[in-house]
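Student: Start from the sequences and build out the full structure, keeping to the hints where you can.
There are 2 protein chains.
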Amino acid sequence: MNLPTQPYKGSRDFYPEDKRVQKYMFGVLREVVESYGYQEYDAPILEPFEVYAAKTGEEIVSEQLYSFEDKGGRKVAIRPEMTPSVSRMVAGRRQELAYPLRWYSIPNLWRYERPQRGRLREHWQLNVDLFGVEGLEGDMEIIQVADSILTSFGAQRSDYQIRVNSRARMQNLFDELSLSDDERKLVTGLIDKKSKIDAAEFEQMFRDKLDENKAAQLLAYLNDSTEPDGIAELVRGLKDIGVENVSYDRSIVRGFDYYTDIVFEVYDTDPENNRSMFGGGRYDGLVGLFGVEPVPTVGFGMGDVTLQNFLVSHGLLKSKELALETDAAVILIGDIYGEAQKPLGELRAQGVRLAVDSSGRKLDAQIKNAVKSGVKYAIFIGEKELADNIYKLRDLEKGEEKALSLEQIASTLNVRRTE
Amino acid sequence: MNLPTQPYKGSRDFYPEDKRVQKYMFGVLREVVESYGYQEYDAPILEPFEVYAAKTGEEIVSEQLYSFEDKGGRKVAIRPEMTPSVSRMVAGRRQELAYPLRWYSIPNLWRYERPQRGRLREHWQLNVDLFGVEGLEGDMEIIQVADSILTSFGAQRSDYQIRVNSRARMQNLFDELSLSDDERKLVTGLIDKKSKIDAAEFEQMFRDKLDENKAAQLLAYLNDSTEPDGIAELVRGLKDIGVENVSYDRSIVRGFDYYTDIVFEVYDTDPENNRSMFGGGRYDGLVGLFGVEPVPTVGFGMGDVTLQNFLVSHGLLKSKELALETDAAVILIGDIYGEAQKPLGELRAQGVRLAVDSSGRKLDAQIKNAVKSGVKYAIFIGEKELADNIYKLRDLEKGEEKALSLEQIASTLNVRRTE
Numbered sequence: 000m001n002l003p004t005q006p007y008k009g010s011r012d013f014y015p016e017d018k019r020v021q022k023y024m025f026g027v028l029r030e031v032v033e034s035y036g037y038q039e040y041d042a043p044i045l046e047p048f049e050v051y052a053a054k055t056g057e058e059i060v061s062e063q064l065y066s067f068e069d070k071g072g073r074k075v076a077i078r079p080e081m082t083p084s085v086s087r088m089v090a091g092r093r094q095e096l097a098y099p100l101r102w103y104s105i106p107n108l109w110r111y112e113r114p115q116r117g118r119l120r121e122h123w124q125l126n127v128d129l130f131g132v133e134g135l136e137g138d139m140e141i142i143q144v145a146d147s148i149l150t151s152f153g154a155q156r157s158d159y160q161i162r163v164n165s166r167a168r169m170q171n172l173f174d175e176l177s178l179s180d181d182e183r184k185l186v187t188g189l190i191d192k193k194s195k196i197d198a199a200e201f202e203q204m205f206r207d208k209l210d211e212n213k214a215a216q217l218l219a220y221l222n223d224s225t226e227p228d229g230i231a232e233l234v235r236g237l238k239d240i241g242v243e244n245v246s247y248d249r250s251i252v253r254g255f256d257y258y259t260d261i262v263f264e265v266y267d268t269d270p271e272n273n274r275s276m277f278g279g280g281r282y283d284g285l286v287g288l289f290g291v292e293p294v295p296t297v298g299f300g301m302g303d304v305t306l307q308n309f310l311v312s313h314g315l316l317k318s319k320e321l322a323l324e325t326d327a328a329v330i331l332i333g334d335i336y337g338e339a340q341k342p343l344g345e346l347r348a349q350g351v352r353l354a355v356d357s358s359g360r361k362l363d364a365q366i367k368n369a370v371k372s373g374v375k376y377a378i379f380i381g382e383k384e385l386a387d388n389i390y391k392l393r394d395l396e397k398g399e400e401k402a403l404s405l406e407q408i409a410s411t412l413n414v415r416r417t418e
Numbered sequence: 000m001n002l003p004t005q006p007y008k009g010s011r012d013f014y015p016e017d018k019r020v021q022k023y024m025f026g027v028l029r030e031v032v033e034s035y036g037y038q039e040y041d042a043p044i045l046e047p048f049e050v051y052a053a054k055t056g057e058e059i060v061s062e063q064l065y066s067f068e069d070k071g072g073r074k075v076a077i078r079p080e081m082t083p084s085v086s087r088m089v090a091g092r093r094q095e096l097a098y099p100l101r102w103y104s105i106p107n108l109w110r111y112e113r114p115q116r117g118r119l120r121e122h123w124q125l126n127v128d129l130f131g132v133e134g135l136e137g138d139m140e141i142i143q144v145a146d147s148i149l150t151s152f153g154a155q156r157s158d159y160q161i162r163v164n165s166r167a168r169m170q171n172l173f174d175e176l177s178l179s180d181d182e183r184k185l186v187t188g189l190i191d192k193k194s195k196i197d198a199a200e201f202e203q204m205f206r207d208k209l210d211e212n213k214a215a216q217l218l219a220y221l222n223d224s225t226e227p228d229g230i231a232e233l234v235r236g237l238k239d240i241g242v243e244n245v246s247y248d249r250s251i252v253r254g255f256d257y258y259t260d261i262v263f264e265v266y267d268t269d270p271e272n273n274r275s276m277f278g279g280g281r282y283d284g285l286v287g288l289f290g291v292e293p294v295p296t297v298g299f300g301m302g303d304v305t306l307q308n309f310l311v312s313h314g315l316l317k318s319k320e321l322a323l324e325t326d327a328a329v330i331l332i333g334d335i336y337g338e339a340q341k342p343l344g345e346l347r348a349q350g351v352r353l354a355v356d357s358s359g360r361k362l363d364a365q366i367k368n369a370v371k372s373g374v375k376y377a378i379f380i381g382e383k384e385l386a387d388n389i390y391k392l393r394d395l396e397k398g399e400e401k402a403l404s405l406e407q408i409a410s411t412l413n414v415r416r417t418e
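As given, the protein sequences belong to chains Z and B, one line each in that order. Start counting the first sequence at 0; every next residue gets the next number (numbering that gives the first Met the number 0). Start counting the second sequence at 0; every next residue gets the next number (numbering that gives the first Met the number 0).
Derived by calculation from the structure, the hints in this document are not laboratory data. Note that the coordinates shown come from a computational prediction; the quantities given were computed from them, not determined experimentally. Some clues are possibly wrong.
Since the list gives no way to pick one copy over another, a pair counts as held whenever it fits inside one copy or between any two copies.
[To be verified] Distance condition first, Cα-Cα at most 25 angstroms in a straight line; then the derived SDA-like pairs of lysine to any residue: (1) K74 with P3; (2) K397 with L221; (3) K391 with E320; (4) K317 with R11; (5) K341 with G131; (6) K70 with V304; (7) K238 with E320; (8) K213 with A198; (9) K184 with K195; (10) K8 with A364; (11) K70 with W123; (12) K367 with E133.
Tutor: In structure tokens form, the structure reads like this:
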């Protein structure tokens, strides 16, 4: 019986050409978030199950979590999100850490769900979190970082829209209306659907499921677009620094139970794909669940699948950024593998990345293979070349060939790499 | 009830100072293997269980594998090693790929075992594999890459020793002696213990567990150190290019069932830690298990925990390589968060990585925190500084302060980064 060659359902193999896209995207993410002073951390992909049971949200924990018992009878889960792990880590060194604390990570996350566009069982997610800043400056910075990432990839502000809301304000209204826990869940779920259905249908759902007074007050709240003080200041502050594509939207609620105040989502404005790409918000209570004094926190998560879809659909993935990690193929003429090591070592010491064809095949087959591999240059080494210390460098795209010294080869190839 | 702050047993949290060590190590690994033409790939951390059942080795599969049923009733496992995944991927594109094919990856792997020095439940492992080269040149390159990695970290060849063996030769002897499958397992297990026990005890074990003739022939084979032809050529070839710390050792067998010929292990020569750090070998049959024509393959895996232990014990982890990702803390004098964004944006555009203290605390507390965070510089911004466009840059280690333009600040900090 043969084993299947497909990866596990809903997950991806990263062949080198896929991995290069990921490395390019992660490189830009790291550069932008580090320019704002964020430092990278990581945590294990397995966590004790309880870490998610507390606040991750019922749908994820009961339906989407990869959880099992280890051989010692301990219940563990593969992380479906990073926020509980980072809160655990901050709590573990609550006193030793310096605030404001800026941390980021690009973990892979797992959720058991039906694979579809933009949603897979395994995806990677940039997580950016700012700990220790209570004020609006914290919310503003986090949104600014999210915006800088998209513009750094070359996006225009017209390509996406940032919608912000305050969950604290919504909770206050829930309290005033004395909504039960079940009603809160129901209402939050309904609000989350607002952008996907038409207004009449939306209002009817409220009237069907809640008593008249509650439905009326909730709808009045949702239909009022007056910016409350904090939000108005946040939106104005962002516009002042050029983030003019930000707006207030009372229907933004986010799926996790732990958000306490500001939440935001970033929408693709492409009419073909007009949906939420990623988002975040303030969750001041999570660190405190681990038995320490709470730390005000605001952050966001950005998934690699939606980011890549966005970059592709807006024409922002340039092939130049995705060049092969190898500068030249080396083709050996005759049985000179050992003797060729000296010049090859010298080229490598100068930063040239070389793939030697040590297959022992005929010259033609070696050249054909070099072209197939996508490498741009081939270097030919035989007895004569070694004796003269002059080598043929062939540009495999143009078919041009030059006889060059090792130094000349290195400078030609290094120039090419940074073109 | 409070949630615990410790990570799951046998796994590690990577606080930023730990992550910097990992990033430095992985950076060197990538640079070296790419200089030999290897390209990075990745695969999902979950694989169908069958992928390991075939050839990974009984102890790992029955005792150490993290496996479970997903919500759809499919049996899956968290990868304990990368070799089956990469073989699956090569098999999936057997015809489209260009050979020699050079691939590498740095995946995290999981095994359920009792945590101890050098062994954790989760670790990262560089995997380097060369597909499509049958000859000794392939074995030689793989060992050369392993050697280049250690010398690139600054190790001397006297710091480690490379021991090679041929499993094909051992299998031939097993065939000649008509050993049963159980006897083969028993003998391989005994040989693997050779370096850990004394010679008399080692020989006695053979005599206790096997008939006289078999024991005598196996011991005669193990005690004969004559280099057979292929090995002699490999050892000579490596010595010719400076890898003089390589030797033939018939007791090197490796734990996996899939090795078919050359195997090697790299030992730390430190008397405090004189043990195998990592190794690899030739496994020509694995790709063929996925229903395609087999591809000759040789490769190795190098774990992050043993590598880091080696670097630390030989004094090769330099603090210079582990500098903070942040160049300066920004201290705001007064309520000028919005106005400060313009000069901050200009500094970021010049590549300066800045962490703004937006906590609203007193100046003293902000400076104290900057020092605590480990950042080397602080930039002060107030109304006057904004009006003059001249800012104070304080060296937090030396206590020196200078009034500088944004360009002067950028050049001071960028010079420092690449020192």
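Student: Any hints this thing doesn't respect? Which numbers, in order?
Tutor: 2, 3, 7 and 10
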